[in-house]
Amino acid sequence: MGRRAAVVGAGMTRFVRRAQETGKELAWEAASAALASCGLTLDDMDAVCLTSAPDAFDGVHMKGEYLSDGAGAWGKPMIRTYVGGGSGVFAGIQAWYTVASGMADVVLVVAEEKMSSTQPHPQGAFLTIFDGVLERPLGPNLLWIFALEMNRYMTVHGLEKRDIATVAVKNKRNAADHPSALLGRSDITVEDVLASEVLAWPVQRLDVSPVSDGAVALVVAAEDVAPRVSDRPVWIQGVGWNLDTTYWTNRDLVFPEYVADAARMAYSMAGVTEPRKQIHVAEPYDPFDYKELHHLEGLLLFDRGKAPEAARDGVLDRDGDLPSCPSGGLLGVGNPIAAAGLMKLAELFWQLRGEAGERQVPGTPERGVAQAWGDLMQVGTVVVMGVDPARGGGGGETSTPPASPRGRSLSEEEFRSAPGAVEHAVDARYEWDTGVAVGRFLDGLRAGKVLGRACAGCGRVLVPPRMFCERCFRQTDRWVEVESTGVVQTFSRCHVSWDMQRLESPELPAVIAIDGSDGGFLHVLGEVDPDEVRIGMAVEAVWKSTSERTGSILDIAHFRPRQREG
Amino acid sequence: MLEKVARPGDVRRWHGGIPVRHRYTPGVAGEAFFEALRTRGVLLGSRCERCGFTYAPARLFCERCFSELAPDTEVGPGGELLSFTIGFVGLEGEPLDLPVTIGLVRLDGADTAIVHHVLDPGDEPLEIGERVEVVLRAEGERTGSILDIAGFRLAEDEIA
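Chains as they are written, first to last, in the working numbering: chain A, 1 to 566; chain B, 567 to 726.
The hints are simulated quantities; they were obtained by calculation from the structure and are not laboratory data. Check the hints yourself; a few may be wrong.
Listed next, with one range per pair, are the computed distances between beta-carbon atoms [claimed, not checked]:
{"no.": "1", "chain 1": "A", "residue 1": "257", "chain 2": "B", "residue 2": "668", "range": "19 to 25 Å"}
{"no.": "2", "chain 1": "A", "residue 1": "501", "chain 2": "B", "residue 2": "675", "range": "35 to 41 Å"}
{"no.": "3", "chain 1": "A", "residue 1": "414", "chain 2": "B", "residue 2": "587", "range": "14 to 20 Å"}
{"no.": "4", "chain 1": "A", "residue 1": "268", "chain 2": "B", "residue 2": "616", "range": "45 to 51 Å"}
{"no.": "5", "chain 1": "B", "residue 1": "652", "chain 2": "A", "residue 2": "443", "range": "49 to 55 Å"}
{"no.": "6", "chain 1": "A", "residue 1": "501", "chain 2": "B", "residue 2": "679", "range": "42 to 48 Å"}
{"no.": "7", "chain 1": "A", "residue 1": "120", "chain 2": "B", "residue 2": "652", "range": "36 to 42 Å"}
{"no.": "8", "chain 1": "A", "residue 1": "189", "chain 2": "B", "residue 2": "704", "range": "57 to 63 Å"}
{"no.": "9", "chain 1": "A", "residue 1": "545", "chain 2": "B", "residue 2": "660", "range": "55 to 61 Å"}
{"no.": "10", "chain 1": "A", "residue 1": "422", "chain 2": "B", "residue 2": "704", "range": "19 to 25 Å"}
{"no.": "11", "chain 1": "B", "residue 1": "618", "chain 2": "A", "residue 2": "414", "range": "32 to 38 Å"}
{"no.": "12", "chain 1": "B", "residue 1": "618", "chain 2": "A", "residue 2": "186", "range": "34 to 40 Å"}
{"no.": "13", "chain 1": "A", "residue 1": "363", "chain 2": "B", "residue 2": "675", "range": "39 to 45 Å"}
{"no.": "14", "chain 1": "B", "residue 1": "678", "chain 2": "A", "residue 2": "257", "range": "47 to 53 Å"}
We put the CB at the ideal spot given by N, CA and C, even for glycine.
Generate the whole structure from the sequences, applying the supplied hints.
See the structure below:
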């Protein structure tokens, strides 16, 4: 498995709503803090691993190249990796194999995000993750997919929203002890979360992490270098990552199998056979409170559907049996996407060295797991880190992350009036071809039929249809007309538009499992009292009149509760 | 597997975009640069003593050694024309009424160059290496923008 690699230094900026610093300046602050923490200089770095979310976020094309000088990459080999929200943890994986392969002895790992540049709301940059032909005409927004996943997770396991809300409370309280935190609140209660604005039921305002700016950096060194530069190197013991299909409406959503596969890969490499005993502290990805629980189950640390009980019973508290997000996580410290993921590795570094200050978990934790998640709800990235038992935990002088901001958080007024500020739009327009399979599917809709594609390899009937089966990786075999009826797999009542404006009446997005197929697609519900919708409800397509149909997903006006006999 | 589309009209496309715009603030060093440009009409750079290198416009850090830098080194207003180009077409390929001359200029005291318009280049061909100087807009017209610099013009002694 190559050379061993260890984290020997870490640094981060404050996470703020709107940083005065440019992205480069944020990256430099975090990177210089990481170097200073282990007494190394830029000259000691052999390579740079950089990560940042899509260019559309900052509107800076080739953002990796733009950030490179702040990340210390002047005149050095640099690689920017990107797997959506999973990027921050993946940067640690990238650092591991850059060192393990022997290509570099010491690497600087930098993650930066500046989301405040995006107007009117960064969600606009997310809209293109939805299928341009089958989903965007429905007017989806990012909250839909979280709400749809959360509802299904809650309903299938019979979970209480109250138990899930304890995660938001825990993390915002934990963050009150974090010097870099944006949203720490020591006095928040479950009632506050349950009373907050409903955005897309069951997602409420305080279930969600905030839009943030910030940067985090690590220094990772090879086994023969690490002990020379660090009194307590924190070894990267295992790494794993995995992707599920982008056909997210064909997935169960109740359990993140891809996270479990990534975790198994990382545990296997780390020699972890009983994660519930051998993992002492966890930093799972928590952009929404339910996601932390979903991911703890994916990390095989709790049985399916049992993590909420653990949250309720205090197991996940800083002094609980399995401290989870002792940093305060994305919900409390903030969510500058890529930086928030790398923060999880930095936090394990501080926890395992006994240097987390007010956030320090009790005892002498020797091993932790960090995880991030992203793309279209489909990627899991996992890193297991640990200290050598003989030198493990305790006894280290207490220190908190060296947060030494040069800039400040800009007020709305300062943001609008800053000298030298400029505003512009990318103003790019796209045309998406329907392609072969979806083109035929749309022809079917115009004719009032729902078509699928049969795969003789796995026996599935694929809806939406594709000319290849992503599991068997073979050409699919034939067209099949399936039903225009189905079952509500999951749904939400969404009260806001993508730019977070309140809607007059809620939209009812739903994933419909189509009868006669093994798949389904995203659509909206109508002719139903929003409060009467249930997962498992039988529904039928309401077609537009023949003359109104154009060969579009909108040829189905909506799905309504099934009225005719099946 | 691939079905041939015989009629181009059968190819259907869905249209969309990324409906965001961006607002950039100039950062810690950038604010100092633009504030000095607007109020004092001077161009600020940052000197890295360790590397013996001066960046202009000012920067918060040295990209070579990562030292923190102060935006306190005045550069220009004179400089050297390192390169130039003359544009005859606009962004959409349309011919321009008047050609636009763009210069790459290293200001006196700086080790880096900036890009801006060359004003009234005159009838004589420009030459790389020529002396130029910054032309600022009048104090009352300056807003804290790169356009507070009107452009470069040939230095008086070059014209003479």
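Hints versus structure:
1. In this structure the supplied range 19 to 25 Å is violated for residue 257 of chain A paired with residue 668 of chain B, their Cβ-Cβ distance being about 55 Å.
2. Between residue 501 of chain A and residue 675 of chain B the beta carbon distance is about 50 Å. The supplied range of 35 to 41 Å is therefore violated.
3. Separation of residue 414 of chain A from residue 587 of chain B is about 19 Å and conforms to the stated range, judged on CB atoms against 14 to 20 Å.
4. In this structure, residue 268 of chain A and residue 616 of chain B meet the distance hint of 45 to 51 Å, their C-beta atoms being roughly 46 Å apart.
5. Between residue 652 of chain B and residue 443 of chain A the CB atoms are about 53 Å apart, so this pair conforms to the stated range of 49 to 55 Å.
6. Separated by about 45 Å at the C-beta atoms, residue 501 of chain A and residue 679 of chain B satisfy the suggested range of 42 to 48 Å.
7. For the pair residue 120 of chain A and residue 652 of chain B, the beta carbons lie near 39 Å from each other, so the given range of 36 to 42 Å is met.
8. Judged by the Cβ atoms, the range 57 to 63 Å given for residue 189 of chain A and residue 704 of chain B holds: they are separated by roughly 59 Å.
9. A hinted range of 55 to 61 Å for the beta carbons of residue 545 of chain A and residue 660 of chain B is inconsistent with their spacing of about 46 Å.
10. Judged by the Cβ atoms, the range 19 to 25 Å given for residue 422 of chain A and residue 704 of chain B holds: they are separated by roughly 21 Å.
11. Between residue 618 of chain B and residue 414 of chain A the C-beta distance comes to about 35 Å, which sits within the given range of 32 to 38 Å.
12. The given range of 34 to 40 Å is broken by residue 618 of chain B and residue 186 of chain A, whose C-beta atoms sit roughly 50 Å from each other.
13. With their beta carbons about 58 Å apart, residue 363 of chain A and residue 675 of chain B fall outside the hinted range of 39 to 45 Å.
14. Range check, residue 678 of chain B to residue 257 of chain A: Cβ separation about 51 Å, and the 47 to 53 Å hint holds.
Of the numbered hints listed earlier, those contradicted by the structure are 1, 2, 9, 12 and 13.
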